[in-house]
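Start from the sequences and build out the full structure, keeping to the hints where you can.
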Amino acid sequence: MATVHLPSGLTQFTGGLSTLTIEAPRVADLLATLAARYPELGPQLDQVAVAVDGEIYQDPGYQAVRPTSEVHLVPRIAGG
Amino acid sequence: MSERVFKYIGTRPIRHDGVDKVTGRANYGADLTLPGMLHGAVLRSPHAHARIVSIDTSAAEAVAGIKAIVTGKDFPETTAKLALGEAAIDLHDIADNVIARTKVLYGGHAVAAVAATNPDAAREALSKINVVYDVLKPVLTVDQATAPNAPILHDAMVTKGVKDAKGPTNVAARMELKRGDVEKGFAEADVVVEREYRTPTVHQGYIEPHACVARFGEDGRAVVWCSTQGPFAVRDQVAAIVGIDPALVKVIPSEIGGGFGGKIVVYLEPLAVALSRKAQRPVKMVMSRDEVFKASGPTSGTKIRVKIGAKRDGTVTAASASLYYEAGAYRGSPAGAGMACAYAPYKFPNFFIEAFDVVVNKPKVAAYRAPGSPMASFAVESTLDEIARELRLDAVDLRLKNAAAEGDHAPYGPAYGPIGVKTILDAVKNHPHWSAPLGRNQGRGLALGFWFNGGMNSSATVLLNPDGSAAVITGNPDIGGTRAAQALMVSEELGIPVERVRPIVADTDTSGMTDVTGGSRVCYATGMAVINAARDVREQLRARAAKIWDVDVESIKWEDGQAIPPPGVEKAPHPLGVADIGAKMAHTGGPIVGRASLYAPMAGPGFGAHICDLEVDPETGRTTILRYTAFQDVGKAVHPSYVEGQIQGGAAQGIGWALNEEYVYNPSGLMENAGFLDYRMPVASDLPMIETVLIEVANPLHPYGVRGVGEVPIVPPLAAVANAVRQATGIRFTELPLSPPRVLAGIEQASRQPVGVS
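Chains as they are written, first to last, in the working numbering: chain A, 455 to 534; chain B, 17 to 774.
These are calculated hints, taken from the structure and not from any lab test. One thing to keep in mind: the hints can contain errors.
Heads up, simulated EDC-like pairs for lysine to aspartate or glutamate below, C-alpha to C-alpha not over 16 Å straight-line [to be verified]: (1) B:LYS97 to A:ASP500; (2) B:LYS363 to B:GLU422; (3) B:LYS179 to A:GLU494; (4) B:LYS97 to A:ASP513; (5) B:LYS176 to A:GLU494; (6) B:LYS438 to B:ASP424.
See the structure below:
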């Protein structure tokens with residue numbers, strides 16, 4: 455199962471958990487599982503980018519997640 | 017990757033668009049004129065905060081030459097969100113920012129627009145539009161916006177990121193990052209420094225104002241010519257705001273005279289399309305400089321509190337920060353980015369960072385070169401300078417002691433790949449600038465800076481001509497020399513001279529979908545698409561050579577721009593160059609076109625360090641920059657001259673931010689210095705030649721190692737300048753700009769202490 459790390463600002467919506475394990479083949483499935491498990495977290499997820507094993511995707515979608523993947527939710531960034 | 021020897025990458029050819037630009041032939045946003053074209057103008061709010069009671073346009077409609085008038089009622093309500101790549105944008109807010117419906121939220125907010133046969137008639141009509149306002153008290157700072165009983169901008173706003181938050185409030189969002197045990201870390205520190213910093217609202221200051229021409233045809237199709245960083249972003253915003261099918265909108269980007277993030281969101285384009293639809297004639301709209309300052313997006317004014325604790329040897333044990341960023345009139349400041357960037361160059365074991373996005377009665381902020389990072393860096397790097405002083409440590413050594421390296425986790429989560437922080441700091445330490453002597457009233461400052469560098473959607477097409485020349489088509493307006501960089505990439509992959517590659521910036525009907533020219537992403541992400549498209553051409557050339565020689569394509573090598581046949585092939589000519597194969601295109605299968613499109617992850621992190629030497633005149637408070645050296649890990653410099661130019665430009669903008677630039681507001685909340693005479697940006701004669709040191713730690717995500725360059729260099733200057741002023745004057749200034757009046761007041765407040773090298 456992939457290990458998912460949340461920024462501390464979101465742990466208020468997960469009962470204080472900052473690291474979770476989730477089985478999901480793709481990022482979209484992982485986010486859907488997160489939102490289902492923690493309904494209050496769902497509305498917060500539209501402003502996050504997702505890092506999978508160090509690569510950050512601004513528009514997280516169908517990137518593959520491996521069972522050994524380290525996934526970080528990070529602030530979505532706008533550039534100039 | 018690092019062993020690859022390049023033939024064209026790393027050379028410095030003259031840019032393909034250079035002659036047109038220096039001779040004035042290049043067409044910018046305001047240069048287009050169409051038959052029957054009308055002139056548009058915008059009526060803007062004279063109040064910083066007011067309810068619109070009524071708008072009466074009847075007298076304006078009677079002005080001779082007036083062909084169309086629009087107000088907020090002419091635009092549909094939309095609640096859609098648009099993923100523009102760089103940011104998910106709330107179209108309701110953008111539409112309301114383009115033209116106010118029920119409230120004006122800053123001085124300069126558009127309330128009506130007109131189109132007339134000449135500019136004088138348009139201006140006269142504006143003067144005859146009668147708007148009745150119910151004037152409200154404005155809030156102009158985060159302190160005012162967050163005070164008890166503060167006037168509220170948006171009645172429905174609640175704080176995102178806070179569980180069970182109640183509104184209404186002016187705090188649009190709260191974000192937080194944490195690692196380790198901060199209190200324990202501070203308890204272990206031998207020295208703790210805590211300061212509060214403020215930075216003003218500043219503008220990107222692009223020389224070319226916003227400008228466009230729109231033509232809405234009888235067939236319901238709209239064509240928009242405009243100066244923009246993102247034609248596809250303009251297309252999608254215009255369609256949603258005006259309420260038409262995006263399939264009916266075509267956007268043709270002009271040359272662009274600077275953007276720096278400020279030409280991604282639309283301001284004039286929806287108004288021009290709506291006016292053209294009403295008038296059934298083309299409409300041109302051009303902002304004045306006054307309008308650019310008051311009604312386009314600057315970047316956030318900020319209040320930042322930083323606390324850092326360290327051991328005597330310089331090891332930082334804990335750090336905390338509270339960042340308050342003004343968003344302007346609608347939610348969406350770069351506070352989150354500031355939070356992520358603040359401690360990014362370092363491997364602090366314990367930290368706590370919180371960031372607040374706060375709405376105020378100023379223009380909605382837009383992206384500005386590494387949005388959010390320069391202010392955070394100013395606060396953190398100034399505090400680290402104080403730590404170094406208290407511990408009597410060299411500023412480079414303190415940073416080396418705490419510098420992040422490959423494998424360390426970024427404050428925002430993931431582990432870093434190969435990064436250049438320590439390599440940069442070693443280069444600083446070994447550079448003669450760092451040890452050069454200083455004179456009386458002079459000081460030297462050092463600061464680090466970080467930016468992510470973007471990825472996202474890019475497309476490219478490479479067309480081969482029968483003579484062996486090529487064209488490369490992308491949808492990215494060329495701001496920083498990307499045409500030349502893309503041509504170099506095609507040259508490298510095909511082995512043809514860069515002068516024989518024509519780079520083309522195409523419109524939204526011609527190029528594959530491509531995200532904006534921004535986020536330092538073009539050379540990296542669109543560059544990868546260009547490389548892949550050129551490789552597509554190369555594979556087709558191999559296949560054509562195989563046909564010519566009647567051998568298996570797998571047996572053909574490609575070396576130095578030529579197809580090499582397998583041993584035993586006697587048929588002449590061989591080897592076959594690009595022009596040889598191109599000449600036989602018609603006989604071997606027809607034209608050769610390469611294409612590629614991709615979605616790139618964010619590029620490798622970019623870091624830089626700047627050294628600033630300056631002299632402060634103790635009589636006037638005026639600061640003169642004496643010497644400036646910028647070090648940056650650029651991954652791979654495709655065209656070193658334009659990489660250096662980006663770094664010099666970013667440094668110059670950052671120096672302006674540090675020394676002079678600020679929006680000045682009167683008590684009513686109206687900007688008082690909306691012009692370049694009173695909003696002081698640095699010009700060439702203000703600065704010495706900025707020396708650049710390019711460091712190349714290859715980015716493993718790019719085939720050449722490209723990292724992205726354009727944003728990092730605006731991050732360090734704020735603190736580099738402030739730290740130098742600290743050394744020159746003995747005074748720690750915590751509020752920007754360090755303009756002569758502020759510096760002089762600081763010197764006088766310090767009881768005219770002797771000024772000199774400390």
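Status of the hints after comparison with the structure:
1. For the hint pairing B:LYS97 with A:ASP500, the CA-to-CA distance comes to about 10 Å; that is within 16 Å, so the pair holds.
2. About 11 Å separates the Cα atoms of B:LYS363 and B:GLU422, which keeps this hinted pair within 16 Å; it holds.
3. Between B:LYS179 and A:GLU494 the CA atoms are separated by roughly 8 Å; this keeps the pair inside 16 Å, and the hint holds.
4. With a C-alpha separation of about 14 Å, the suggested pair B:LYS97 and A:ASP513 falls inside the 16 Å cut-off, and the hint holds.
5. A hinted pair counts as satisfied when its Cα atoms are at most 16 Å apart, and B:LYS176 with A:GLU494 qualifies at roughly 11 Å.
6. Under the criterion of a C-alpha separation no larger than 16 Å, the hint pairing B:LYS438 with B:ASP424 is consistent with the structure, at around 13 Å.
Every hint from the earlier list agrees with this structure, and none is contradicted.
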